[in-house]
Each structure stands twice: as structure tokens, then as C-alpha cells.
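Please arrange chain B on chain A, whose structure you already have, making use of the hints.
There are 2 protein chains.
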Amino acid sequence: MNSSNKTSPSHPRLSSDINHWDIDTDVAIIGFGGAGACAAIEAADAGAKVDLFELASASGGSTALSSAEIYMGGNGGTAVQQACGYSDDTENMLSYLRACFGNQADEAKLRSYCENSLNHYQWLTGLGVPFKMSELKERAIMALTDDCLLYTGNEKAYPFPEAAQPIPRGHNLEIEGDNGGPLLMKILTEAVADRGVNVHYESRALTLIIDDNQEVVGVVVRVDQEEINVRARRGVILCAGGFCMNEEMVRKYAPTFDCGLTPIGNPGDTGSGILMGQGVGAATVNMHECFVSLPYYPPSSLTYGILINDKGQRFINEDCYHGRVGYNTLLEQRNSKRIYLVTDVAGYGDYEKMSYLGAQVAGTGDTIEELEGELELPAGSLDYTLSSYNRHAAEGQDPSYHKSAEWLRPIEAPYVALDCTLGRGPFYPFFTLGGLDSLPTGEVLNTGGEVIAGLYAAGRTTAGIPRTASGYASGMSVGDATYFGRLAGQTAAKRDC
Amino acid sequence: MNSSNKTSPSHPRLSSDINHWDIDTDVAIIGFGGAGACAAIEAADAGAKVDLFELASASGGSTALSSAEIYMGGNGGTAVQQACGYSDDTENMLSYLRACFGNQADEAKLRSYCENSLNHYQWLTGLGVPFKMSELKERAIMALTDDCLLYTGNEKAYPFPEAAQPIPRGHNLEIEGDNGGPLLMKILTEAVADRGVNVHYESRALTLIIDDNQEVVGVVVRVDQEEINVRARRGVILCAGGFCMNEEMVRKYAPTFDCGLTPIGNPGDTGSGILMGQGVGAATVNMHECFVSLPYYPPSSLTYGILINDKGQRFINEDCYHGRVGYNTLLEQRNSKRIYLVTDVAGYGDYEKMSYLGAQVAGTGDTIEELEGELELPAGSLDYTLSSYNRHAAEGQDPSYHKSAEWLRPIEAPYVALDCTLGRGPFYPFFTLGGLDSLPTGEVLNTGGEVIAGLYAAGRTTAGIPRTASGYASGMSVGDATYFGRLAGQTAAKRDC
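Keeping their order, the protein sequence lines are chains A and B.
At position 79 of the first sequence (counting the first as 1) the number is 79 in UniProt numbering, and the numbers step up by one without a gap.
At position 22 of the second sequence (counting the first as 1) the number is 22 in UniProt numbering, and the numbers step up by one without a gap.
Treat the hints with care, as some may be off.
Identical chains blur together in the list; that is why a pair holds if it fits in one copy or across any two.
In silico DSBU-like pairs for lysine-lysine, Cα to Cα no more than 35 angstroms straight-line [to be verified]:
#, residue 1, residue 2
1, Lys6, Lys252
2, Lys494, Lys186
3, Lys252, Lys337
4, Lys337, Lys353
5, Lys6, Lys494
6, Lys337, Lys156
7, Lys353, Lys137
8, Lys156, Lys132
9, Lys49, Lys494
10, Lys353, Lys186
11, Lys156, Lys137
These are calculated hints, taken from the structure and not from any lab test.
Bound-form chain A, shown alone:
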């Protein structure tokens, strides 16, 4: 909204100032991660001419860096769910997601996602994405085997079973090791190529182009150190990721998370898509929220332990998802100077071999008193907490925090405590969950809640299904990006122009 001539996301270029269109296409897509790939496939399948611009020299985005678990279910269940003996109901899936995100949820997106999730599974398998008809029954962050189905969120953890019947919905690709992301992007990239999409690598989108009616009619891209003007007759789809790599934006919009966390994503997650959208009047929502995790498992045996704060109090059921624990330690326990995980030798188990948590041993003790002293907890506090926990655990009960009986057993001497305090060793990864305000169709809204003609977005450039780490489940972000990427591609391709 400024007359400066420089090319920046906040200064859309006016089509009346453009003498020459370097590229003339139907749909221009910015970003070749999971969202952009799916948008390109659908737009091409709908008959549109598609040009896809990617900053890096290869496709992938943050999807390729992830495990590419995909959260799917509903409508009776995917073939994998059914093969593993689960019947999944759309309303049950919807109830679960509502419980995850409360009044932060986008009801229209949740409903679209749940109603069409089975179709999305079939679309992915139709492209050749392989899922084995098997379940990984361990508590894990991702499947390191080639097994598919996994509980990837809080489905079985209090209080979620009160809201919805627990069903596993995390679908891991059929490949050994943590290699789902590269495989998914390889398949999607081939599908894009098969459709004759014009892919431009090492091409940085700079700003949108608008006409006199404020409609988005193209995008300025820098290729080989030159700015080129791309005319997009049906629209531009922003799939440029989130903003966790943009320190200034994190500080400005998500200051709670500007505290020494480790951003996870690709270097292009600088919020450029969000900034370009804002530059043409788009609203942003949920900008203050991020995914954050305290990945205290594997080994899953640490789930038998208890998390305590600097008062020696427990504060959460330790069988919930690592993101929920990360959120809780970072936000709800923000006034606690220490976070410890207290366990015993059996619980500690293969920690040193299997974990990527990075937490150091903060103390050990043959007695509770000894450990309490080493951890500098208020006198008697750990004794009260641990004795009470053990007494109930022996009976398979956790009346205060409702950890499920599966993970309850008394913690026996000798004791060991890991220092899970942020800044004292442990890995606290984060990425952003806020972005452009958009409809399920991918249409981007202005601050008055109206559609901006010609502008679409998907993936972490938007605020999508996942709204908080507290309710997050692995697979929600790749699921959201791929599903709503498809819808954005469909919508843009069929726009009258």
C-alpha cells in the first residue's frame, strides 16, 4: 500500500505498469512442496496450463524433510484401517479434531477434511503412494519400519477418549526408516512431470501482480537474477510454507515461541507467501500459534515415568502426544524454572541409544529424598508426588491426570531424572501454524472476510487443520497441505476468467 518502486511482498505490482508478460499461464503455483505439488496435479488434471515456481533447485519443501505421515480416516476407514481391524466414522473423526483445537478450529475445513479424507487416501494410492496393510503397535513418533498405521496424536490419551473413540489415523508410507517424506515427494514430483506442468526451479516469487480491481492477475518471479512477470489468468496459488525460518516474523507474530526453540522446516519457510498475501490485503489468523514438541519418547518406556515441574508437581498425563507435552511445558508451565522427567532404571531403558531428546541426567537417587535433594525440589514435594503416583499406579489408577493403565506402574528405586528444561539441553523443535485466512476451496480472504479474486493458498502458508501443538497429531500438517493443496488447484483451474 505504498508507491515505492521496490519489489517486495508488501508492494504488489500493478498490471497497468507492466509492459511485457514473460510467461502467460492459467495457474501459477508458488512452492513445490506437498501443497504445491498436489495443487499442480489437480489444476493440470482439470485442464489448466500450470506453471510451478520453486525457490530451491529441487522439489520437496518441508514435506520431503518430514516423515510424511498423513492423518486420514472417516467414512468407514481407509483400506489400511479396515485391514487392521478398525472402522472409522466421519463424525468420530470430526469430534476428535474439534476436541483437539476447540474454538481455534476452522469448522468448515475440519468438515471438508473429514468427509473427504477417505477419498484423499484413494487419490494418493492412485498416484502410487504405497501403504502397507499393517499397524505399528508401539508408541512411536513415526514408523521406522515399513508399517503403516499408527496412533500419532492424543487419541488414546485423556481427555480425548471422552470426546471421540480412539482410532489410529497416522498413515506412514511403506518404506523402511524415516524416509516417507522423500518417497512421497518423489511420487508427487513424477505425477507433476507426467502432467506437463512447467516447473521452474531456483525461481523466487517476489510479489503479486494486481489489476485496477485489486484482483490478483499474476506474480513477479526472480529467475537467473532477472525479474519476470508471470500472467496467471485463473489465479496464483501460494504454497510457500510457513515462517519458522523468519526470526523477525516469529518475534512479531508468535513471540511466545521466540525463546530459543529449534525451527524445523526448509530454509524457504520464511513466510514469503504470507507476506505476499498480506500485501494484497489478505487477513492472517492463528499467527501466534506454533507446533512445539518435547520429544521425550522413544524409548516409549519413558512414558512410564512422570513429568514434574520445579515444585515437584506433576502437570500432565505422560501418555499424551509429544507436541501436547511440548506445548504444556512451554506455555502452561512457563513459570517453572525446571521440567524433569523422573523414571527408574527400567523406564530409562534404551534412552541413551534410542533418544534424540538430548536431555541430560539431572539427578539420581537410591531414595526419593536423595533425588529430591539433587533436583533442588521443595522438601517433601517429590515424596508426596511420587508416593501418591506409585500407590495409585499399583492399582492401575491415575486419579489426578488419568494416564491410561497401559502406562502405569510404580516407579522403583534407584531413580533417575532427565532435565527437560528448555535451554538446558533438550531438543524443542517448532514450526508455525498461522497464516493466510482461507476457505476450504483455497480461496484467500481479505480482512473483511471477502474472497480476494485470483488468490489461493494451501499448506502452512495458510492456517489449516492444525491450530495448536496442544491438539496436534503427526500427519495433520502433511495431510492438510496435500488435501487442501488439491482443492486449491481444483478451484483455481475452474475459475472463470
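Just chain B now, with coordinates in the frame of chain A:
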């Protein structure tokens, strides 16, 4: 950013579409609360022709509804602080405010505010705002006597004394009862009138007017059911309050607070100033944060009690500010189904006579066990918490939460507990703390961080000094609105045009 013809904040009017200017002025100010009044006074004093538009039929805004405590200090201290024996240091005040808001703070605004707070005090007294040279030494939310100086925040409460020397900075006007707001606005309104400002009541600002360079050159106002075009040669200052009365905006931008709280403010706090700013590309920040309070004192004797959650755990030092307690109960204790205040007969004191909390008695007991049963707490939990608290309180200690010795004494049978759970009776007021991104000068920034020519804002239309309820102190919002209102008026009046 849309070609629709309707007049809404999201659709700025183009000056090229305007045939006739109904009013031609230097500075147009929207909103006649504390911020707008101070902006008008300064702009007029700088020689500008000023037109002030107010939705209501009288001045006042939310400032007139408040107690109009004003948070001031630094530079050795105000005359009142000095008369009461306090010497206040600018850096100490700055350290305190930094501790209050952490990395959510706007450092430039904090510095400007602290460095010029003494000057602001003198400016106010120069206008005739009366402050008595006296201190109210009670723990209170506002002075109901005509006394002036009061600790209105967390200055004396842990952990703030670790960051800054505690100094009272809440300045109450010299008037009996909770009547500071009306008196302040009466004085400011007279000062506006004395300066020949053209005041237009019952005048609703609809949208901004921009020229071809995207500069703000005026505002469309509805008066007597007609739209009039106001040309503002030096600029428009938005002082239209926050958005706590706009349910849709609260749900969209501050969903955490969309949970049955009671909005406090005037009916015009619908976010219209924020929406108009957004309509011309302004950035918004801190939109997810609100002031929220659990006003559990008066009577101050309840501070001798302890706040506990549904696990029977304490979670905060009960001598802190009511807003910090409100924030903590609402956010950090969000997973607790109950919040109780446990006290004894002496602590309960004049609760029924003095309080406006509205909390009901949840249980009583001649023994801890009896109360624990009535409150349905985990067996032994209250016994552990209260016994531990009492043992330390008898020694003037609170090793876990650091409540100051002043408020420590053992809680003696018979016991009583108030149900402070949101939704079960108690008053949880809230108002918004997010708004347009602006410089201390009042200049509004676009999403690229650049100044939008011709646009200014102050008060709760902006994100100002107070950024969270957790660090709030009474007097910060009126202090911020009046001080930065003045700066916006000065800046706009001297703009070259």
C-alpha cells in the same frame, strides 16, 4: 482490496472517486475517548485545524468507564511519588515493564513511555487533572478514597522484585469513589473545547480515503444517515478503541478469550479502527492477547488465602495482581476443571460485603479432610498443600511460590473455599490488547513494516504498552492511550503536506 462499491472498513474509498469534500481539515480524529482527546489537544496546540468524530452522543469512550488510574513514574518520580517518599528511576521503570511483557514488549514504546512519563504527569496536571499528594497503602484494585498513589500491578510480587525495585506508579485522580474516569474525560473534553476543535458527535467513521499513492487523505463518516467525505490534509488518527465488543473478531483473532468472559469497555469497542487500518494494508500485532482478570480482592484479606486447582495444587503467589491471576487461571490452568480460593474465617472477612467477584462458597470444613471431600479433590492433596503452606507460612516463608511475607499466615480451621471456576459464578472481565502495529509517534505500519503515509493511531486501536494480562497493571491502558494519543496528535499536526 476489492472493487465492490459498498462502504466498509475493508474497502477504502479512492479520492479519485470523490467529487465533493464535505469537510476540509488538517487532522481528522476518530474516537473521543482518552486517546482521541489527547491527540486533539496536541494537534490543536501545534496549530492544526482538527475535526474529531465520535460515535456516541458524548465524549468518554472506555476511559470514562474506567477508574482512569494512570501508570506514571521515572525521572526521579512524579510530584506525588516524591511527596509519598518514593524516588522513581526511568531505567527501573523500564526494567519493570520489560519484565512484565518479555519478548512481547515493544521496546521503542516502552522507552518513550518511561522517558516521558514524568512530562506526561506534568502535562496532565497542567490541564487541571487533580492528584492528591497521598498514597493509598491498602491492597486494592482502585482507590475509592481521593488518595492518589497505589501499587496497581505486580511490582511487589514475585518474580518482579528480582527485575526491578518495587515502586507504586498507579495515579488515581483526586475524587471520592470510583469516579476518576468521568472526571478525567470531563477535564480533557473541556480542554478540547477550549482549543476550538470541531467535535462531531453521533458520527460513525466508515472507511478511510486513499489517493493513487495509497496515502490516507481522509475518512468517510456517517452523520445524520448521510455519508460525508472528510478531507484530512495532514492525516487521520484512529482512536476508536479495541474489539472486545466484536464477538466475531474475538473468535477470529483471540479465540482463547472466546470462552464466556465478560467484555468491559464501551459499546463502540467493535474494532472499527483496526478494520479501517487493515483495509489500507496496516499490520496488526498481539491480536491474540487480552486483559483478563479474576478480581478476587477486595477484600484484601483474601490474599491470605491460597488458590488451588482441581488437583489440590497451588499454582501462583496469591499476592500478585488480579490480572495475572486471571491470565494464569484461564490459560496456564486451562486443563483444571475447578479453581478454588481456600481461606479461613479471618480471610473471608468482609467478602460478602465488599467483593464484586461473584464466586459462590464451594465448600466449608472444620477439618482439611472435610473440605477436601466437599471440593472433590484427590484424597490427601489438600492436606499436603495446606499443611505445607501453613508450616512455611508460620515461618514467614513460601519457598514454592514466593508470596511475600506480608501476606503469609497459617490458614486456620474452620475453612472455606470459593469457587473461582470460569462459568460457575465469578466475574472474569476482559478487553483486547492487540491492534494496529504502530511507532511511538503514532504512525501506523503496513505488513512490510513501512509507515502508511497519513495514517496514525493510538489507544486500544493499537498494540501499545500492555501486551498481556500476565504483566498488566491498572493504569497502563489509560496511560498508554493518553500518552501515545498526544504523540499521534503532535506527529500528524506537523506532517508536511
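To see whether the hints hold, each was checked on the structure:
1. Within a single copy, lysine 6 and lysine 252 get their C-alpha atoms as close as 23 angstroms, and across copies as close as 33 angstroms, so both meet the 35 angstroms cut-off.
2. Within a single copy, lysine 494 and lysine 186 get their C-alpha atoms as close as 27 angstroms, which meets the 35 angstroms cut-off; across copies the closest is 60 angstroms, which misses it.
3. When the C-alpha separation of lysine 252 and lysine 337 is checked against a cutoff of 35 angstroms, the pair qualifies both within a copy, at 25 angstroms, and between copies, at 33 angstroms.
4. For the identical chains of this complex, lysine 337 and lysine 353 are intra-copy neighbours only, at 28 angstroms inside a copy versus 39 angstroms across copies, given an alpha-carbon limit of 35 angstroms.
5. In this assembly of identical chains, the alpha carbons of lysine 6 and lysine 494 lie at most 35 angstroms apart whether taken from the same copy (33 angstroms) or from different copies (27 angstroms).
6. For the homomeric pair lysine 337 and lysine 156, the shortest alpha-carbon distances inside one copy (30 angstroms) and between copies (20 angstroms) are both at most 35 angstroms.
7. Only within a single protomer do lysine 353 and lysine 137 lie at most 35 angstroms apart by alpha-carbon distance; the minimum there is 21 angstroms, versus 60 angstroms between protomers.
8. Within a single copy, lysine 156 and lysine 132 get their C-alpha atoms as close as 23 angstroms, which meets the 35 angstroms cut-off; across copies the closest is 61 angstroms, which misses it.
9. When the C-alpha separation of lysine 49 and lysine 494 is checked against a cutoff of 35 angstroms, the pair qualifies only within one copy, where the shortest distance is 11 angstroms, while the shortest distance between copies is 53 angstroms.
10. Proximity of lysine 353 and lysine 186 under a CA criterion of 35 angstroms is satisfied intra-copy only: 31 angstroms inside one chain copy versus 71 angstroms between copies.
11. In this assembly of identical chains, lysine 156 and lysine 137 lie within 35 angstroms of each other by CA distance solely inside one copy; the values are 13 angstroms within and 53 angstroms between copies.
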